[in-house]
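Assemble the whole structure, with the sequences as input and the hints as a guide.
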Amino acid sequence: MLSTLHGHLSFGSMKMKVSVMFVQCLCVFFFFPAVLLSATEKEVYEADMIPWSGYWWPSRLGGMHTGVGYRGHPTVLQKLEGISSSQSAAVTSWYVQNFFKPDGEAWFGLCHAWALAAAHEPEPTRGGYFVESPWGLGIKKHF
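For the sequence shown, counting from 1, position 21 maps to 21 in UniProt numbering; every step adds exactly one.
These aren't lab readings, by the way, just hints derived from the structure by calculation.
Heads up, some of the hints might be wrong.
Stated by the list, open to error - Computed cross-link-like contacts, SDA-like style, restricted to lysine to any residue with a CA-CA straight-line distance of at most 20 Å:
no., residue 1, residue 2
1, 101, 66
2, 101, 47
3, 101, 120
Said to hold, decoys possible - Here are the simulated distance ranges between beta carbons:
no., residue 1, residue 2, range
4, 22, 116, 44 to 52 Å
5, 45, 101, 46 to 54 Å
6, 90, 45, 39 to 47 Å
7, 129, 47, 42 to 50 Å
8, 74, 108, 49 to 57 Å
9, 91, 68, 17 to 25 Å
10, 47, 103, 34 to 42 Å
11, 73, 101, 54 to 62 Å
12, 78, 112, 30 to 38 Å
13, 22, 119, 49 to 57 Å
14, 19, 50, 25 to 33 Å
15, 108, 22, 56 to 64 Å
16, 94, 55, 14 to 22 Å
Quick caveat, the model's predicted, so the values are computed rather than measured.
Positions of the beta carbon are idealized from the N, C-alpha and C atoms, including for glycine.
In structure tokens, the structure reads:
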């Protein structure tokens, strides 16, 4: 039983190799079609809430402060300053120091804040007024 067959394989391992190949063939011919049939049955899932789309406010443009990529002036922060005089300068300087990066990457922005709101808040569907100041739909989506 342990004699070599042409010096490469022993007789015992040849039987073992044939047995393994036989089992593999059985699996392919009998079980694979069942796997294919079960793969054609699709399960459909739907999210309870679908996040809404919005603008990521690229830091390179600094649109909340400069108005670039927005509708010019008054900017979002200028509108905020108009309704809240006590914290307005602090908010604007904080934004400029932390998020306005003219030399930054083009893709970097406030998408993390928008994504959080889009996943946890109902989508705003129309503009409105806040402390007698008009706020368009775009601004509401970003605050």
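Do the beta carbons of residue 47 and residue 103 sit within 34 to 42 Å of each other? At 38 Å between Cβs, range holds.
At the C-beta level, are residue 94 and residue 55 separated by a distance inside 14 to 22 Å? This hint holds: roughly 20 Å between Cβ atoms.
Residue 91 paired with residue 68, Cβ distance criterion 17 to 25 Å: holds, 18 Å
Do the alpha carbons of residue 101 and residue 66 lie within 20 Å of each other, as the hint requires? Status holds; Cα separation ~12 Å.
Pairwise beta carbon distance, residue 22 to residue 116, judged against the given window 44 to 52 Å: violated, 57 Å
Is 46 to 54 Å right for how far apart the beta carbons of residue 45 and residue 101 are? violated, 39 Å
Is the Cα-Cα distance between residue 101 and residue 47 20 Å or less? At roughly 35 Å apart (the allowed maximum being 20 Å), residue 47 and residue 101 break the hint.
May I ask you to test the hint 42 to 50 Å on the CB atoms belonging to residue 129 and residue 47? violated, 32 Å
Residue 78 and residue 112, beta-carbon distance inside 30 to 38 Å? Roughly 23 Å apart at Cβ, these two residues miss the hinted range, so it is violated.
Verdict for residue 74, residue 108 (Cβ pair) under range 49 to 57 Å: Since residue 74 and residue 108 have Cβ atoms about 25 Å apart, the given range 49 to 57 Å is violated.
Just to be sure I understand the hint, the distance between the Cβ atoms of residue 108 and residue 22 should be within 56 to 64 Å; is that true here? holds, 59 Å
Return holds or violated for the Cβ distance of residue 73 and residue 101 against the range 54 to 62 Å. Since the Cβ atoms of residue 73 and residue 101 sit about 21 Å apart, the hinted range of 54 to 62 Å is violated.
Comparing the model with each numbered hint stated earlier shows that hints 2, 3, 4, 5, 7, 8, 11, 12 and 14 do not hold.
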